[in-house]
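Given chain A, work out where chain B should sit, using these hints.
Chains as they are written, first to last, in the numbering used here: chain A, 1 to 488; chain B, 1 to 440.
Keep in mind that the hints were calculated from the coordinates and are not lab data. Any given hint might turn out to be false.
[Stated by the list, open to error] Think about it this way: if two alpha-carbon atoms lie no more than 25 Å apart in a straight line, the pair counts; the simulated DSS-like pairs of lysine-lysine are:
#1 K42/A with K347/B
#2 K153/B with K284/B
#3 K402/B with K438/B
#4 K424/B with K27/A
#5 K193/B with K153/B
#6 K63/B with K303/A
#7 K475/A with K322/B
#8 K348/A with K39/B
#9 K303/A with K62/B
#10 K39/A with K284/B
#11 K153/B with K160/A
#12 K450/A with K366/A
#13 K154/B with K160/A
#14 K299/B with K486/A
#15 K62/B with K85/A
#16 K402/B with K304/A
#17 K160/A with K152/B
#18 K424/B with K62/B
#19 K39/A with K187/B
#20 K62/B with K402/B
#21 K63/B with K304/A
#22 K347/B with K486/A
#23 K344/A with K4/B
#24 K402/B with K427/B
#25 K39/B with K344/A
#26 K395/B with K304/A
#27 K42/A with K284/B
#28 K154/B with K233/B
#29 K475/A with K151/B
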Amino acid sequence: MKYYDKLIFELSKEGRRGYTLPENRLKQYSMEELPASLKREKELMLPEVSEFDVVRHYTNVSNKNFGVDTGFYPLGSCTMKYNPKLNEEMAALPAFTSLHPLQPEDTVQGALELYYRFAHALAEVSGLAEFTLNPFAGAHGELTGLMVMRQYHIQRGDLKRTKVIVPNSAHGTNPASAAVCGLEIVEVKSKENGRIDVEDLKPLLDDTIAGIMMTNPNTLGLFETEILEIAQLVHACGGLLYYDGANLNPLLGKCRPGDMGFDIMHINVHKTFSTPHGGGGPGSGPVGVAPALVDYLPNPHVKKRADGVFYVENGDKASGSVSGFLGNFGVMVRGYTYILSLGKENIKMVGPLATLNANYIKESLKEEYYLPIEDICKHEFVFDGLADKSTGVTTLDIAKRLLDYGYHAPTIYFPLLFHQSIMIEPTETESIETLDEFIHVMKVVAQEAKDDPESVRTAPHTTPVRRLDETTAAKHPILSYRDLLKEV
Amino acid sequence: MNYKYFPHTEADIEQMLQRIGVQSLDDLYAEIPASVVWKKEYALPSSMSELEIRNYFTELGKKNCPLTIFVGAGAYDHYAPSVIPQLISRSEFLTAYTPYQPEISQGTLQYIFEFQSMMSELTGLECTNASMYDGPTATAEAMFMAVASAKKKKKVLISETVNPNVMRVVRTYAFYHGITLETIAEKDGCTDKAEMERLLQAGEVAGVIAASPNKYGIIEDFTGFAEAVHAQKALFILNADPSTLAVLKSPAEWGADIACGDAQTLGMPLNFGGPYVGYLSCTKELVRKLPGRIVGATKDVDGKRAFVLTLQAREQHIRREKANSNICSNQSLMALYVTIYLSLMGKQGLREVNELSYSGAHYLYEQLLATGKFTPAFNKPFLKEFAVRTTLCPKTLQEKWKENGFFAGIEIADGVLLFSVTEKRTKEEIDRLVALIKEV
Chain A
1 MKYYDKLIFE LSKEGRRGYT LPENRLKQYS MEELPASLKR EKELMLPEVS
51 EFDVVRHYTN VSNKNFGVDT GFYPLGSCTM KYNPKLNEEM AALPAFTSLH
101 PLQPEDTVQG ALELYYRFAH ALAEVSGLAE FTLNPFAGAH GELTGLMVMR
151 QYHIQRGDLK RTKVIVPNSA HGTNPASAAV CGLEIVEVKS KENGRIDVED
201 LKPLLDDTIA GIMMTNPNTL GLFETEILEI AQLVHACGGL LYYDGANLNP
251 LLGKCRPGDM GFDIMHINVH KTFSTPHGGG GPGSGPVGVA PALVDYLPNP
301 HVKKRADGVF YVENGDKASG SVSGFLGNFG VMVRGYTYIL SLGKENIKMV
351 GPLATLNANY IKESLKEEYY LPIEDICKHE FVFDGLADKS TGVTTLDIAK
401 RLLDYGYHAP TIYFPLLFHQ SIMIEPTETE SIETLDEFIH VMKVVAQEAK
451 DDPESVRTAP HTTPVRRLDE TTAAKHPILS YRDLLKEV
Chain B
1 MNYKYFPHTE ADIEQMLQRI GVQSLDDLYA EIPASVVWKK EYALPSSMSE
51 LEIRNYFTEL GKKNCPLTIF VGAGAYDHYA PSVIPQLISR SEFLTAYTPY
101 QPEISQGTLQ YIFEFQSMMS ELTGLECTNA SMYDGPTATA EAMFMAVASA
151 KKKKKVLISE TVNPNVMRVV RTYAFYHGIT LETIAEKDGC TDKAEMERLL
201 QAGEVAGVIA ASPNKYGIIE DFTGFAEAVH AQKALFILNA DPSTLAVLKS
251 PAEWGADIAC GDAQTLGMPL NFGGPYVGYL SCTKELVRKL PGRIVGATKD
301 VDGKRAFVLT LQAREQHIRR EKANSNICSN QSLMALYVTI YLSLMGKQGL
351 REVNELSYSG AHYLYEQLLA TGKFTPAFNK PFLKEFAVRT TLCPKTLQEK
401 WKENGFFAGI EIADGVLLFS VTEKRTKEEI DRLVALIKEV
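Chain A with its partners taken away, still in its complex shape (with noise of 0.2 Å):
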């Protein structure tokens, strides 16, 4: 195919458009009425393009992307999981797409008795008390569950708790919003097995801890095999336990966060759920709670009466508002689609097979790749680079030679503990053959690292661009199309 080079800018000409609107029947009233002063004066520079142009343009743009439907997406930690067609269906259906969401309740009774039943499912699987949905993304849900945290101890005028122990391997978003949500974050560190230490843990609890933020299985994909004394500790002095539901998926089936403890989590319904993750949103990150955290959760709350009918409430002791409105409904009406095509049959797979694809492909490499931890993992594990440190080929030549391969590469220098990680989650919806041939290709780079290093060092060679010279671009920001013309 030809290589597209075009942005829409570029096809613009004065007078062609791309729209029909009726024909203005009350004319009498008009913007000309306004006062000068309020108007635009400055040129606005839209493309004029005709519809065909732009449907050309886009579909010539959506070929130099590569999604889960391409092919093999190892990512880790982002669970690139199929995403099932007919929550795509489901969640085109009018009935739901044209609700105003301030509409009277009884106008919306579907659409309400949609969120409260898919946040009971979630709170199902999560051995929680009840989940609000109005988070827009994992990071926000993370930060309304701290949030939570933060307004349960001001409520009982525990004042001093200003700090959140976040482990050495955690992700990245979790001290990013605890900082953000005001609380102070004290370190702990891992064992050489990749699990907290809990003798590190200890002397860090005291009266000014509000709770610990905790990824399990972590991001190693290592369960925190000490969890419930991690739990006891931590309630003992008084804080609660957040649970970065990031790594959810291999729980499915097989435990419940609640049941370990957790008092507070968010799930990342684009990972665990299957909803599209959309070239980078939108999400929807809800977040749920043990009993006595029910009324911190944010406003509005969606319930249900006696009687069976639902309705919108805001409580005065929650925690605030972190959305306009309800949260990305769309996103609910397909993870909810997801769970009733499983249904409770099948759902309890998704945890063992993910795991079951995740050793398969860990088993098969450790010849060819250090791993730095032999343990039974989750859903992903680490390798720490290639076993062989001799070729100079490094992690980042390796996730570039995959892509040549027709992968995507997997998570790498992540987590932060090791200096070369390659972090690979199968998922539980690729199969054997699928993940035969990672294998093999996998194998075959890392052979080419020893025979012709250079090929590697200088992937990847068959994309649509090659390596981006991201120095420049960050010294000499161009960020817009203006900018672009500015360089000419």
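Just chain B now, with coordinates in the frame of chain A:
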């Protein structure tokens, strides 16, 4: 166990377990403390077939009543061109992750660059990020930018005429971030400039937030605002409806340093409140305080033009314990929606959308006044949304309209109703809405 989303056969599972060196799937969870292993069945519905799910959602949908919308208040019923859902459903866009591997993500990176370009055109501010969750959170993050820029000053002023939904979220973010938020009282439906100046004089102000159009639909005159704000070394933040910026003075023309808001007005379905898309634009001077993802143009090793995430050495990547924002995933696909919308409409289409909305809104306004049951709440210029005072019982009116398939006139204060009219509303619909008043 053969479910259509799982490709594993029994033989596959056997073979894989063997490679791993364990006997059963349960063995993969052997390290989990026995007391927390889930052995029960989830209290969830049983698996449903596609046909059953379609029926289920069709039935659930019947419990909703789609209405003819004459309400905005933060979510507006604009026309959505048919090509957009088709294009954004392309799986190359839909099923991609964040563009961390630019060589195979030029599609996402390029449309974000186009989105940034178009939003910067509308706002007049040079730099726009890849999108925010929604208008309220974008405004809250604009507030964080102001505080981060001011270093030690931790007070922000917000006009009482900002949409209450925005206000609630900003207030929440301010509280947890340790920002003192003070409201500037309104006067005749507009931000009281004298009051703002008085609060600015008190010092310690990092930023001032106002809205255009405001919560009453009024197009406020911000003449002299930026000067007053800048004189105190604070930043002027304008929450602006981007659809109106084709015709109304842009945030940059008002002297704003940051523009933010919801781009749902750019043709996005109402969707019961989401997904929408927030936007955040700022001057070049502030770009390093701009949160979230930003795409820049560059070249690849062969000299081809290409796009890449840039200015990443900020926020949660480095100094994450001191981050001013934690945003990662945003509303990328909805940014694509807006980009395609603006490509189709162009400046002429966007102007017509505003003309049609203006005409419809002013026609309804006059028709309401002509009934004798309504009086102006304010005497200020507006575009597609306005507030009027009524002598009738608002509940009875709303009930009447609802019974007849209309959602109109939400009550924002005692006896004050807010209406919105977009290009989607026809003269017949407006006439019918007004005729129903006589039946009350």
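Now the hints, each set against the structure:
Simply put, K42/A and K347/B have alpha-carbon atoms about 12 Å apart, close enough for the 25 Å limit, and the pair holds. This hinted pair checks out: K153/B and K284/B have alpha carbons roughly 21 Å apart, not beyond 25 Å. Proposed proximity of K402/B and K438/B is supported: the alpha carbons are some 15 Å apart, at most 25 Å. For the hint pairing K424/B with K27/A, the CA-to-CA distance comes to about 15 Å; that is within 25 Å, so the pair holds.
Between K193/B and K153/B, the direct Cα distance comes to roughly 21 Å. Compliance with the 25 Å bound is thereby established for this hinted pair. Distance check on the hinted pair: K63/B and K303/A sit about 16 Å apart at the alpha-carbon level, within 25 Å; holds. Between K475/A and K322/B, the direct Cα distance comes to roughly 23 Å. Compliance with the 25 Å bound is thereby established for this hinted pair. Taking the CA atoms of K348/A and K39/B, the gap is about 10 Å. The hint holds against a cut of 25 Å.
Simply put, K303/A and K62/B have alpha-carbon atoms about 20 Å apart, close enough for the 25 Å limit, and the pair holds. The hinted pair formed by K39/A and K284/B meets the criterion: a straight-line CA distance of about 24 Å does not exceed 25 Å. Among the hinted pairs, K153/B with K160/A is consistent with the structure: their alpha-carbon atoms are about 24 Å apart, no more than 25 Å. Simply put, K450/A and K366/A have alpha-carbon atoms about 16 Å apart, close enough for the 25 Å limit, and the pair holds.
About 21 Å separates the Cα atoms of K154/B and K160/A, which keeps this hinted pair within 25 Å; it holds. As the CA atoms of K299/B and K486/A are separated by approximately 16 Å, the hinted pair is consistent with the 25 Å bound. For a cut-off of 25 Å, the pair hint linking K62/B to K85/A stands: about 22 Å separates their Cα positions. Taking the CA atoms of K402/B and K304/A, the gap is near 22 Å; set against the 25 Å cutoff, the hint holds.
A C-alpha spacing of about 23 Å is found between K160/A and K152/B, which places the hinted pair at or below 25 Å, so the restraint holds. With a CA separation close to 23 Å, the supplied pair K424/B and K62/B stays within the 25 Å bound. Between K39/A and K187/B the alpha-carbon distance is near 22 Å, which keeps this suggested pair within the 25 Å criterion. For the suggested pair K62/B and K402/B, the alpha carbons sit about 16 Å apart, so the restraint of at most 25 Å is met.
Straight-line distance between C-alpha atoms of K63/B and K304/A comes to about 15 Å, which keeps the hinted pair within the 25 Å bound. Between K347/B and K486/A the alpha-carbon distance is near 22 Å, which keeps this suggested pair within the 25 Å criterion. The suggested pairing of K344/A with K4/B holds, with an alpha-carbon distance near 15 Å, which does not exceed 25 Å. Straight-line distance between C-alpha atoms of K402/B and K427/B comes to about 19 Å, which keeps the hinted pair within the 25 Å bound.
The suggested pairing of K39/B with K344/A holds, with an alpha-carbon distance near 13 Å, which does not exceed 25 Å. Proposed proximity of K395/B and K304/A is supported: the alpha carbons are some 23 Å apart, at most 25 Å. A threshold of 25 Å between alpha carbons decides the hint, and for K42/A with K284/B the separation of about 18 Å falls inside it, so the pair holds. This hinted pair checks out: K154/B and K233/B have alpha carbons roughly 13 Å apart, not beyond 25 Å.
Annotation: proposed proximity of K475/A to K151/B holds, straight-line Cα distance about 24 Å (limit 25 Å).
Every hint, counting from the list given before, is met by this structure.
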